[in-house]
Amino acid sequence: MYNVRAINESIATRTVELENELTGTLDLCFDDSAVVSDNNFEFMEIGKAYECKIKLFGEFVNQEGECVVKTLIVNENICIGNINFVEVAVNSDIYYIPQSKMMSISGKDDLLFKVSRKDLIQVNSTIHEDLF
Amino acid sequence: MKELAESGVKYNADDVVMITKTADGKLLWLEKGNASSGLKHIVDGHATNFADKGITDIPALLNKALNTTPVKTGSSAKGLYADYLIGGNKYRVAYGTNGYIVSFYPID
Numbered sequence: 006m007y008n009v010r011a012i013n014e015s016i017a018t019r020t021v022e023l024e025n026e027l028t029g030t031l032d033l034c035f036d037d038s039a040v041v042s043d044n045n046f047e048f049m050e051i052g053k054a055y056e057c058k059i060k061l062f063g064e065f066v067n068q069e070g071e072c073v074v075k076t077l078i079v080n081e082n083i084c085i086g087n088i089n090f091v092e093v094a095v096n097s098d099i100y101y102i103p104q105s106k107m108m109s110i111s112g113k114d115d116l117l118f119k120v121s122r123k124d125l126i127q128v129n130s131t132i133h134e135d136l137f
Numbered sequence: 094m095k096e097l098a099e100s101g102v103k104y105n106a107d108d109v110v111m112i113t114k115t116a117d118g119k120l121l122w123l124e125k126g127n128a129s130s131g132l133k134h135i136v137d138g139h140a141t142n143f144a145d146k147g148i149t150d151i152p153a154l155l156n157k158a159l160n161t162t163p164v165k166t167g168s169s170a171k172g173l174y175a176d177y178l179i180g181g182n183k184y185r186v187a188y189g190t191n192g193y194i195v196s197f198y199p200i201d
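As given, the protein sequences belong to chains A and B, one line each in that order. When you read off a place in the first sequence, starting at 1, and then add 5, the result is the number in my numbering. When you read off a place in the second sequence, starting at 1, and then add 93, the result is the number in my numbering.
If you are wondering where the hints come from, they were derived from the structure by calculation, not from laboratory data. What you are looking at is a predicted structure, and each value in this text was computed from that prediction instead of being measured. If a hint is listed, it holds; no wrong ones were tucked in.
Lysine to aspartate or glutamate pairs mimicking EDC-like chemistry, simulated, CA-CA at most 20 Å apart: (1) A:K106 x A:E64; (2) B:K119 x B:E96; (3) B:K146 x A:E64; (4) B:K183 x A:E64; (5) B:K125 x B:D107; (6) B:K146 x A:E71.
One-sided excerpt, in silico: chain B residues whose CB lies under 8 Å from chain A: (7) S129; (8) S130; (9) T141; (10) D145; (11) A170; (12) K171; (13) G172; (14) Y174; (15) A187.
Built from N, CA and C at the ideal position, the CB exists for glycine as well.
Can you build the whole structure from these sequences, using the hints too?
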C-alpha cells in the first residue's frame, strides 16, 4: 500500500507523492490518467492509502550514473491491462518496466536502468487507459 | 497569427511561442505559459524527460510532431490529446478545445 503524501495539480496532468508503507520510500509519480480517460486516478486523496503500481520510464543502460538504479527482476511476465511488464525490485521497492524495453537485454537478472520519470499506471482496480 | 486572431479564441499575442496547423487542419498554439500549462509547465515538468531522449529544442519537436499524423487521439473532461511517433519515440500533446497547448511530454 502507498500513502498519498501530496498532489501537485496542473491543468491536465499532475504529480502524486506516494510513500510506500512497507519501505518508507517516497516516489514522485507522474499522473496523466485524466488526460486520456474519465476513468482515472483523480479519486485519490491526500492522507489515504491505495494499492499502486508504478512504471519506471526510461532506458536500460550499461553504466552507473545519475538517476541510474540497479533493478533485480522479480517476475518476467506481469500483465497489466493488455500490456506485459517485467516486475523489478529496486532495493526493496517494486516497480514495473514494459517487456518491450527488455528486447535488447538478455541473460542477466541484475540490470541498470536510468529512471527519467516514474509513472502511475494502476491504483486499486483502476488501470491507466494507455494500457488497453 | 492572423488566422489565430481571426478565429475568435482568447490568446496572449505577446506570449505565443509557436503556432501551427495540424495535419488535419486544426490551429494549435503554444504560449510561454505558467506552472500549470504552456511552455513553462512543459520545461519545468519534462525537460529532463526530453533531454533523456536527446531533445533540447522542445518547441521545434512539438512543431514537427503536430505536422505529422497522430497515431492516437482522444478526449476526456480535461480536454483533447494526440499521440505522435517521432524518431521511434512516442510523445503526447494535451490541448484545449480552442487549440491552446496545455502540455507536451514523452510517453514511451
